[in-house]
Amino acid sequence: MASQVLVAANRGPLSYSIDAEGGLTARRGGGGLVSGLSAALAEQPNALWICAALSEADREAVRRGVTEPGVRMLDIDPTVYDAAYNGIANSVLWFTHHHLYDVPREPVFDAEFRRRWAAYVTYNEAFARALAQEAAEGARVLVQDYHLALVPGQLRALRPDLRIGHFTHTPWASWEFMNMIPDDIQSQLVWGMLGADRLGFHTARWAGNFAGGANRDDLDGIAQAYFPAGHPERGVWHRRADPDGQGYAKRRFTEVTAYPLGVDADELRALAHRPEVDEKLAQLRAEVGDRKTIARVDRTELSKNILRGLLAYRELLTVHPEWRGRVVHLASAYPSRQDLAVYRAYTESVRELAAEINEEFGTADWQPVLVSVQDDFARSLAVYRMADVALVNPVRDGMNLVAKEIPVVSEAGCALVLSTGAGAYEELRADALTVNPYDVSATAEALHAALSMPDAERAERTKRLAAAATALPPAAWFAAQLTDLLP
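-15 is the number of the first residue of the sequence shown in the numbering used here; add one for each residue after it.
Calculated directly from the structure, the hints in this document are not laboratory data. Ideal Cβ placement from N, Cα and C applies to all residues, glycine included. Don't take each hint at face value.
[Stated by the list, open to error] Just the calculated beta-carbon pair ranges, DEER-fashion:
| no. | residue 1 | residue 2 | range |
| --- | --- | --- | --- |
| 1 | G196 | R448 | 25 to 33 angstroms |
| 2 | A254 | E441 | 38 to 46 angstroms |
| 3 | D274 | E343 | 19 to 27 angstroms |
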């Protein structure tokens, strides 16, 4: 039966494992976004989630015809998938949107890049074809993230009757960085995105980056008009030259707007008070004692700025020696993308710097940094509950839900030190201590101010931060986009 509501995303709501006897077992994915999308889709009759088969067990499930209601996995050739996902999405688009390139050396767009780009096109086409096959007449389709930036345009060509939305969970690059990408690839990206009726971003800043940069006349015949915030129409009118050069296609309008994802307070608090979290909390309290805590929870992702955060903590202990022995930095750093050498090196640098700080300042009864470089969700939630200060200092981030999660869970209330590079900055800046992510000294002073904040002020700020953080939880976030796709 054709579906009226469809979601397309690289990762699906479940994964498979193969047992010793060769049997397949499905396991539901975790995380607030998957839970929120799953809950919202469950309210839609005959909704469908289309995703990639990520493991050999997933691919085996597709081959055997094992299906879960509401989910279709795509068995994409692993070589194509690797070139598209690691070669383009994570090594080009991620670095471009987060402004992470070491510009004297990167990027390099050569024949190997072109081969990988061809795989990225093929990968996106697989999703577009599946959506076209499964969608009912006039169905609403929500495509997720930079992995599938070409799908809206490809799907528009196959099924012009559909209402198509695309949401980008990363920032959108400034056009100084986007201009590094070859012109023909830029054109494909822009036209892929503009196939949607509505484009969503976490913040008005990222939406403006896309819409303003798309208003150009040098990208493969684009003729556009861009209307910024405050105008009755916010987005891009566009039309494209016909391939034979005989005039232009009919003008279309793509709305470009912000949907700032929040957190589900009830679900998060329930997760944070499970027995395994209580056990981790007891262990941490035994180590920390009655000292204050500075908490951070991140993947060891280059954009998260963990190293400058540790440098700021070291400068805090140097410039404000009164905090020695009275504060502990609880740093949870999940290893990220360890198949890429630059990420392995970064993860090792985090370990080394934490060890240096402990060697420089530690005493027999005080370890300044308790670092956990492992994927331990229960420990992270325990850290949330203990936080007196939350340090969230990315150089550039689509949203950064940790900045929203810690104030919701922190038991004593927490002061939030937040960088201007976080997507959450726009919503939380009024009640956070905000810093330039590159300014280590200013971050150290903000940590001092946060640790020194009176309890009453910290409690009031936390209350307002938690209210802002829960304004648009995942299910409501998804529902708002779905409603806005109605004709």
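Inset, instruction - Return holds or violated for the Cβ distance of A254 and E441 against the range 38 to 46 angstroms. - result: 29 angstroms, violated
Legend entry - Status of the given 25 to 33 angstroms range, CB of R448 versus CB of G196: 31 angstroms, holds
Inset, instruction - Take the C-beta atom of D274 and the C-beta atom of E343, compute their distance, and say whether it sits inside 19 to 27 angstroms. - result: 24 angstroms, holds
Of the numbered hints given earlier, the model fails hint 2 alone.
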